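**Student:** What follows is the residue order along each chain.
2 protein chains.
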Amino acid sequence: MPLLKSWVDSANTATTDFPLNNLPCGVFSIGDADARCGIAIGDMVLDITGLEEEGLLTLADHAVFDVPFWNELMELGPDAWADFRAQVTEFLRAGSPKQALAEDYLVAQAEVTLHLPFLVSEYTDFYSGKEHAVNVGTMFRGAENALPPNWLHLPIGYNGRASSVVVSGTDVRRPLGQLKPPGADVPYFGPSKRFDLELEMGAVVGRASSDMVSVADADEMIFGYVLLNDWSARDIQAWEYQPLGPFQAKATATTISPWIVMAAALQDFRTATPPREVPLLPYLREPGPLSYDISLEVGLAPEGKPETVISRTNYAQMYYSAAQQLCHHTTSGCPMNVGDLLGSGTISGPTKDSRGSLLELSWGGKEPITLDSGEARSFLEDGDTLTLRGHAQGDGYRIGFGACTGRVMPALELPDWAK
Amino acid sequence: MPLLKSWVDSANTATTDFPLNNLPCGVFSIGDADARCGIAIGDMVLDITGLEEEGLLTLADHAVFDVPFWNELMELGPDAWADFRAQVTEFLRAGSPKQALAEDYLVAQAEVTLHLPFLVSEYTDFYSGKEHAVNVGTMFRGAENALPPNWLHLPIGYNGRASSVVVSGTDVRRPLGQLKPPGADVPYFGPSKRFDLELEMGAVVGRASSDMVSVADADEMIFGYVLLNDWSARDIQAWEYQPLGPFQAKATATTISPWIVMAAALQDFRTATPPREVPLLPYLREPGPLSYDISLEVGLAPEGKPETVISRTNYAQMYYSAAQQLCHHTTSGCPMNVGDLLGSGTISGPTKDSRGSLLELSWGGKEPITLDSGEARSFLEDGDTLTLRGHAQGDGYRIGFGACTGRVMPALELPDWAK
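One line per chain: the protein sequences are A and B, in this order.
If you read the first sequence in the numbering used here, its first letter stands for residue 1, the second for the next number, and so on.
If you read the second sequence in the numbering used here, its first letter stands for residue 1, the second for the next number, and so on.
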């Protein structure tokens, strides 16, 4: 599909994340006013709640956007999602007779505060990046045992903590936790010294299920995608994770981009997952290309210093698509709900500069990376700002997610009862 | 505290779970009517929603019980919880001038359907039973490595799936999943053959937190307790759980008792956790006895056959209290919310007949147990009904939870796309 022209000029450039082809879903507020649903278009936001209030946009026989989250639209199902895109496109397309009407509902992105775009029901994090699994496995278990025996047969996942999901721009405090340095006899309690990022994509489940669903049906349940940074305390994790998996190491924060890019906006960028190294069981086989070609990068800016891009990779690296992950998630009869968030797992490419975590980039801290400012990094320092960016590249335009940022704040002082 | 006498005669017996001292919180419906909040008293239910509707019970300047769950009362905080108990006690105590009023709001438990008593925000499952951890560790890793090195230092936990929590009486379908029998080269997809129960207690978090809380404060955040059966597919778990922990093995269902016993009703039954085998870090130390003396048992009834009690144990076995678990849960900055559910971990005692799972009772299937009907069991069979019961024993009365039951249904037929 070519670029769809809008009368919003800033939406017609090759570098905006938000052309008319995109229409990503966010929640915004201005000053002290209540938060509202909006769509990004160029450098503006279209006030969807306002349009609905005035009767200019109608999706159902009840209000859908009178709440500051997109779950209500998701509840209506795929036909309504398509109807919504058609109605909004009609407002914003070049030559639209509705331009004058819509102009009253446009506000500059520079003037708004963005909020979490949906209510996160539950959060699951997968481990579907093969390079990441091999890298981490090699560091922890040696090259011979790098990939767990189940890895090529199923998308390994674990349940994360939905309450920890925050929107881009939220400061993230370095966590406290139990730490047991190599060689120590007993653990101590203090701030994590190996606080890290994980570059991921998140799939937003838009339809509920109660029984097992096929990969094809799972794909249709996905409303859209976000960028996702799964902050991880490697030292807390190393001590706590056996035998039941990561817990407090992953519970401090998970930052997502402020905009949900609807799956409909990404259809031109479908691509196949990598070739299977062993055959998958029938239930996990894909009926067609279900992954996406989405370029990703991570920037790290020390406090008061310019940013260095520390990683460039692509979502198409993932061995399992979100549809495969969601299908596997339902095999046990596990009910899925609107607003469930599925993290892809860390997205690392085959080269050193495409690794999606500092754990991998610095090889467990043994090979610190050097930033453009000359500083070295093994793990995150207080004051560091992380920024994830991503886009699918069209012909003369791109479909982007907006920046997914977070700054590391110093750990809390230990309270007296913890000393 | 002695038995508090009620004018509801069935509440004054030594064997009812629900004397006036208890007042547990449930949600009930009659026929097709909407579900309402109620309190169990003897063999009756007091219609709390009805009392509030008529202005006979007032907790706040807004309706608290106009929704079929108890989260709204929890939101009001501990002073309101105490006020609630005082007001309800005044309705139900022997000699109450309000007896005639309250009689209109009593219905027989035999006539009601019970529902999930609260909205489960997120569900965390711990692993705080030392005998259970040693038993499972011995089977999986040998006696020398039975207890993971972190076990005596922190309450190991993992995030479970809130959407899978169901109320007592809900049928539970045997899950499908990836299974890899010992010696097989590759996994296959089919019904679990090692489907199991886990006897646990659940703590219901009644107050939210955003920063780390002390053990003492965590204890005051707990609204009440339920019985909890964490259904587990051992064969799915064995194949999937490395390196990120249990996932689909624990996502089929988690059954809780229909009644939340408020922490206030259990204060007379406080007891200390077992002696520490190594000193705990200061943040996890308890300011006093924070566990509870609650007798527990599990009954197993094959279809059409009488029940055999297969395990008798006590909550006081748990090495970590719910308050310690909740404190540890907050160390990373993980936000906790009203309605969070914390499973204790499987409660096994030191003797064979006090083990809280079939995995332990049959020692991994090697020593099947024999039921009173003469049948043997290593794991659950289709049609088996599991019933958890529990109570704290007072002087001539007890504080009970009602039965926590579930029947195992046959697995779904494999859909064509999964064959």
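Read the hints as simulated data drawn from the structure, not as lab findings.
If you're wondering where the values come from, they're calculated on a predicted model, not measured in any experiment.
Heads up, the beta-carbon is just placed ideally off N, CA and C, and yes, glycines get one too.
Treat the hints loosely; a few may be bogus.
Stated by the list, open to error - Among chain B residues calculated to face chain A with C-beta under 7 Å, some are:
(1) Ala100
(2) Leu176
(3) Pro282
To be verified - Okay, the calculated bits of chain A under chain B, using three or more residues with CB under 8 Å as the criterion:
(4) 204–214
(5) 322–333
**Student:** Each of the hints needs a verdict: does it hold here or not?
**Tutor:** Here is what the structure says about each hint:
no.	hint	in the structure
1	Ala100	violated, 43 Å
2	Leu176	holds, 5 Å
3	Pro282	holds, 6 Å
4	204–214	holds (count 3)
5	322–333	holds (count 5)
The structure shown violates just one earlier hint, number 1.
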